[in-house]
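Visitor: Below, each chain spelled out in residue letters.
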Amino acid sequence: MLGFIIQRFMQAVLVMVVMSVIVFCGVYAIGNPIDIVIPPEATQEIREEAIRRLGLDRPLYEQYFIFISNLLQGDLGRSFVYNIPVLELIGGRLPATLELVLISVISATFLGVSLGIYAGYRPDGWLAKMIMAVSVLGFSVPSFWVGLILILVFAVNFGWLPAGGRGETVEIWGVAWSFPTLNGLWHIVLPAINLALFKLALMIRLARAGTREIMLTDTIKFARAAGLSEGTILRRHLLKLISIPIITVFGLELGSTLAFAVVTETIFSWPGVGKLIIDSIGVLDRPVMVAYLILVAFLFVTINFVIDLVFALIDPRVRHGVSA
Amino acid sequence: MSDARTPLSRFWAEFKENKIALVALVVVVVMILLALFASIISPQNPYDLAKLSLMDSRRPPGFVGSGGYTHLMGTDPQGRDLLSAIFYGLRISIQIGLAAGFVSLTIGTALGITAAYVGGRVEALIMRLVDLQLSFPAILLALVIVALLGQGKAQLISALVAAQYAYFARTAYGAAKAERGKDYIEAALATPLSGSLVVIRHILPNCMPPLIVVATVQIANSISLEATLSFLGLGLPVTEPSLGMLISNGFPYMMSGRYWISVYPGVALIILIVAINVVGDQVRDQFNPRLRK
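Those protein sequence lines, which keep their order, are chains C and X. Using the numbering used here, you'd call the opening residue of the first sequence number 1 and step up by one each time. Using the numbering used here, you'd call the opening residue of the second sequence number 1 and step up by one each time.
Selected chain C positions facing chain X (Cβ under 10 Å, derived; list incomplete):
1) I22
2) N157
3) T257
4) T266
5) I307
Treat the hints as calculated values from the structure; they're not laboratory data. All C-beta atoms, glycine included, are put in the ideal place defined by N, C-alpha and C.
So that you can see chain C by itself, here it is in the shape it has in the complex (with noise of 0.2 Å):
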């Protein structure tokens, strides 16, 4: 067990090491960053003051050298464009970020379990059938194409959400949060919409084919024997039996939206990690791409080891023989 795990840390390293240089030689291959950061009438004493002082008049692996050794003291550079730490700007976008993803992937977890439950509670039913339809277009649609239809009616149509922006902010602990005001909340509820669609539909599927499997076997069978009522079933036996996969998913889940939060913040103009992204690789602000990509991978290779962690330490028949 020690030896796996040694095993799969050591690839986990590799694999940052390997992205750090990808990322870090693709980012810098591109463009010429003097020319956004300096202004065209500069003298040339001030350019090339500027490229020293930034680092770009060093050959490439030297520079890498000192980007991953600040990296490793928590130093990921300064943004070219707003000349503050990437960090300090990263994390200053986080919450954002975070609030809309928790609130998108919580609210699409229990409304995706209740409808797949139903879903496959009842499959024939003409609401199953109209359950699955809503997730076979749910995985279907561009998610760039929902947002746009839900501003386009909701928005501009019939005026009753904002098309975009955070709205009022609260601040605890020194950090601005939107969904503890009406006016923020307000603000939030079409991109959370168009961020849960697709995961509503996973979550209607994992559920649906759940229930379908597990309402045939025994346990449900000795359950209504027992004469328990329908509902106590499908809440105290059912719901444990299907959660482990979902709350699988869940976690995994909970990376990639962060990924596709970058297509929902653009649409909405949410000032979240994503749409600074996007602002960054629009304006070739180097250091931002490159410690965004760096800690999203770093994020990914972290999930994957805690999974093949897990996976290792809990074996699924184990863990089945339990719980059944």
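We have chain C already, so just place chain X on it with the hints.
Guide: Just chain X, lined up with the frame of chain C:
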């Protein structure tokens, strides 16, 4: 059951039974035809800047422009006839989807079958890489690569391929691994036939059904991903807009109620993607032995 018909005609007969899939197939074919003959059926060549007039920009559907014909779907901010722009956009979207799908299919299949056939360290290396990549969201990978490579058709296709080949590699690996263990492959290998010939003549054809299913889904995904990237401003140059770019162009005008610039190209995009997915679903069901009666 003995059936004198060829497998293909049997397949087709079964396909025809699902009316929804049949409609979807017709839709896909019609859209491909529209894309192929865009230059003949469009009222206007949307890439010919000399034909565009700013006087005609952002006009609603039904407007009769300076060209003397009716713009059935209105015009975009550059004064392009939207219907023509959609036909041409369809062409670019389908082109990119097919190119990305085909290249990913080739690379992914080659990697997957190599891993399954050679085994050992090569297998471990390739499949570990593929698994790793599958754990990252495709959109993020494509986004990164486009950001690194810059704009253009070739760059966009490379990004889509890099984001998607892993699905093919996984599928091909699974299928080839199963075939590899079967007796007929052992028998073929016992003959003087070379290993590569056995792979190409015996293993590859038997891996095709699942790969075809993945290919249809991935072509739809490529089209959707391309549209998303273009919408984010990271796709193709504005001069030759794909469907995603058309939608993106119209987005700023949506707030002032000029819905058609974004909505019509979007509807075309959705119809295309959903139709391909429905066809893909039906093909998958027909290939799935567990669902066979």
